[in-house]
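Undergrad: Chains as they are written, first to last, in the working numbering: chain D, 76 to 335; chain X, 94 to 351; chain P, 3 to 269.
Where hints are given, some of them may not hold.
[Claimed, not checked] Label pairs and their in silico Cβ distance ranges:
#1 D:Asp295 / P:Asn256: 56 to 62 angstroms
#2 P:Cys26 / D:Val109: 37 to 43 angstroms
#3 P:Asn256 / X:Gly265: 36 to 42 angstroms
#4 D:Leu182 / X:Tyr273: 36 to 42 angstroms
#5 X:Ile346 / P:Gly254: 58 to 64 angstroms
#6 D:Asp295 / P:Cys26: 45 to 51 angstroms
Read the hints as simulated data drawn from the structure, not as lab findings. Since the model is a prediction, treat every value here as computed from it, not as a measurement. Backbone N, C-alpha and C fix where the C-beta goes; we use that ideal spot for every residue, glycine too.
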Amino acid sequence: MKKKRFDPEKTIYAVVAIACFFVLWWFLTTFTPVKNTTPDPIAVLKLLFESFYTPIGSKVITGHLLVSLRRVLVGFGVATVLGIILGIAMGTSKWASAIFKPIFELLRPIPPIAWISLVILFFGIGETSKYILCGIGAFTNVTLNAYTGAQNVDPELVGCARMLGTSERDIFFRVVLPSCTPQIFAGMQVALSTSWMAVLAAEMVGAQEGCGWMIQRGSDTLNITLVMVGMIVIGLVGMLLATLMRAIERRLCSWNIMEG
Amino acid sequence: MEHHGGVNKTPIISLDHVSKTYLSVHKTNEVVRDVSLDVQENEFVVLFGPGQCGKTTLINLIAGLQLPTSGEVKVDGKTVTAPGPDRGVVYQTTALFPFCTVMGNVEFGPKSRGVPKKQRRERAQYFIDLVGLQGFEKSFPNRLSGGMRQRVGIARAYANDPKVMLMDEPFGHLDAQTRYMMEEELEKIWQKEKRTVVFVTNNSEEAVYLADRIIILTNTPTRIKHEIKVDLPRPRVYSDPAFLEIRRQIEEICDDTL
Amino acid sequence: MNEYAIQKRKERIKFTIVSVISLCVFFGVWYVCTAVLHLKPDYVLPSPVQVVEAFIQKLTQTNPDGATLFGHIAASLQVALTGYLLGAIVGVPLGIAMAWFRRIDLFVTPLFDLIRPVPTIAWIPLMILWFGIGLGAKAAIIFVSAFVPCVINAYAGIKQTKPVHLWVAQTFGASRREMLFTVAIPTALPLIFTGLRISLGTAWMTLCAAEMLASNKGLGYMIQLNRSLARADLIVVAMLTIGLIGTIFTVGLNALEKKFVKGGRRG
């Protein structure tokens with residue numbers, strides 16, 4: 076990992092680019108027909124600040140955020156645990172692989188969003204179905220990565236542990252599991268963003284609160300400003316989640332970061 | 094830990110007419126043919142042979158990572174059927190656990206066998222110091238140079254207190270200079286912590302420098318071709334005429350094969 | 003054939019049988035839970051037999067969602083491919099340009115980083131408000147979803163070109179342009195393909211969402227409408243079709259990749 080150095084040229088370009096973006100946006104929405112459909116950046120920022128104390132629907136913006144986050148984290152958390160167990164089982168045991176892989180391969184190509192209707196019919200439009208949809212989004216990614224990770228454990232390391240007199244149980248916890256962690260983490264990162272997407276879709280289709288509901292509400296009431304505010308917040312949170320995952324990964328997998 | 098053994102005692106490693114044939118889907122591949130070999134306690138035996146011969150297979154057979162197709166391998170009087178902590182292996186690729194620190198690697202074996210933390214730490218520290226890696230206890234292997242990694246490998250094998258050390262071309266990947274240094278270090282460590290060592294190499298200089306006895310192997314299927322005792326005083330000098338004479342002998346014997 | 007080969011083969015046959023049994027058990031349990039025990043009403047969880055029946059009916063009938071299965075598939079494919087191809091055509095060259103030309107990199111990367119964290123699904127309402135619910139809006143959504151992974155991977159691919167290779171090209175007197183086409187792009191090709199594969203997956207998933215929210219045809223619409231009609235059998239048919247087409251896409255792209263990427267994928 077190279078340390079980030081402060082690069083003045085980069086910063087200047089970035090500032091100029093972003094300034095250009097906003098000026099162009101402002102220009103288009105002030106002087107051209109685009110203004111009939113699209114709000115200018117100032118209106119969006121204004122609504123963004125207002126939304127922190129003026130409720131949209133039943134909650135202020137942070138309330139919606141927390142609702143969505145809770146759904147994601149519950150679904151993601153449960154699915155990650157299950158996915159790791161199933162993935163490693165399939166990767167280490169031929170029996171588990173023979174039993175579960177065909178079913179997994181059958182269901183895997185169905186995107187989590189396509190499950191929405193069935194899950195809603197099954198569980199209603201309450202919290203359970205949101206958790207499950209987020210879970211489906213995370214589960215396939217984590218399972219797949221844990222599976223490949225467990226398959227690619229260096230047999231020499233396992234042999235080496237045997238030579239050192241390690242019991243089979245210890246080999247699993249002290250060799251196989253740590254060997255897979257980087258791969259599992261890679262899966263979890265993708266899984267978290269898929270979950271984040273799934274919760275938006277689920278909320279857009281049927282909910283009374285949450286970020287997805289917020290932008291859908293904006294769309295239904297022809298309120299583009301609200302849609303844009305929602306997108307900004309959703310993007311920021313998505314970024315935050317990704318950064319958080321990377322930070323945890325750096326903590327846990329520092330041994331895996333290659334020199335240079 | 095101290096053993097007082099005459100040469101005539103029962104050997105600690107004995108290979109009795111061992112053969113190994115690999116079966117793959119398309120062909121059968123005979124790698125080791127009828128090898129019989131006795132290694133005495135605290136002896137340093139070098140298996141010397143050309144590039145693609147079954148040296149690694151021999152090591153794996155003694156280690157118990159593979160089982161012979163016919164014949165028998167005994168270590169300390171017991172037939173080898175599985176890998177075990179009485180034999181320590183140092184690999185060419187080092188096979189360090191990338192997710193463990195240097196300390197974690199060295200104490201891996203003792204920890205597996207349930208040695209209490211304080212004791213195993215002390216023991217691991219002793220061997221880390223012995224291989225000259227003090228100060229690197231908390232480093233991960235990806236931060237170490239090739240030579241340093243191999244030192245960890247040696248310390249890890251030693252820390253588990255095996256009766257027998259098996260070294261499979263441990264310095265094969267190192268550059269020449271590091272290699273000389275590691276040979277010297279290994280010799281010193283071995284003098285201090287006497288063990289039975291079976292060491293594989295294809296470098297005659299390394300063989301003569303380290304060995305009590307050199308076993309020269311043929312190409313696959315591997316058989317024992319010749320045995321040379323090396324009685325030079327240690328530490329040996331690479332340019333000593335007697336040293337060079339033995340190297341010349343080895344090379345002569347090997348040339349015959351061709 | 004030797005002993006080992008026979009043993010290997012036996013093992014393979016054994017585990018294939020286990021797999022088949024496992025699938026049978028899966029469908030068996032599904033069947034028993036629905037058709038025999040009726041744990042859930044049909045409109046919530048149909049039996050496999052009902053799904054097959056619905057599938058066969060749907061091949062010819064337009065009821066109740068206004069199109070045959072092929073009609074929906076065609077509608078979805080039209081949207082997905084339009085948006086995906088546009089995304090790839092714009093995204094890959096942009097990614098390459100960003101990685102190869104420093105000024106473009108400096109200028110475009112911050113803008114790209116600005117929109118990248120917004121999940122494509124969050125674009126749906128905006129696109130609908132801008133473009134209505136026709137082909138345009140949906141294609142625009144798919145475009146965004148395909149565009150982002152294409153750019154990221156093409157960019158990363160070019161960036162991983164080893165300086166040594168560029169130096170070799172330079173000593174042969176290659177111009178910068180030639181270096182791009184003979185060294186950098188071939189190096190990037192495996193990752194570009196990874197990007198194309200990822201973006202196809204995302205595009206296909208986004209399509210479902212887009213069609214659920216704004217459409218009157220297509221597989222996503224089929225899923226959405228049949229929920230309000232409580233026709234779970236048709237929902238399952240649509241889900242399986244989506245999964246199947248997604249698999250076909252992946253297989254096709256892998257075949258393309260094998261053909262184009264010479265020297266194999268590198269780690």
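Undergrad: For each hint, tell me whether it holds in the structure or not.
TA: Here's how the hints hold up against the structure:
1. Here the CB-CB span from Asp295 of chain D to Asn256 of chain P is close to 41 angstroms, at odds with the stated 56 to 62 angstroms.
2. Distance hint check: the CB atoms of Cys26 of chain P and Val109 of chain D are about 59 angstroms apart, inconsistent with the given range 37 to 43 angstroms.
3. Look at Asn256 of chain P against Gly265 of chain X: about 38 angstroms separates their beta carbons, and that is inside 36 to 42 angstroms.
4. Between Leu182 of chain D and Tyr273 of chain X the Cβ separation comes to about 59 angstroms, which falls outside the hinted range of 36 to 42 angstroms.
5. Roughly 60 angstroms separates the CB atoms of Ile346 of chain X and Gly254 of chain P, a value that falls within the hinted 58 to 64 angstroms.
6. Distance hint check for Asp295 of chain D and Cys26 of chain P: the Cβ-Cβ separation is about 46 angstroms, which falls inside the suggested range of 45 to 51 angstroms.
Violated hints, in rising order: 1, 2, 4; the structure is consistent with all others.
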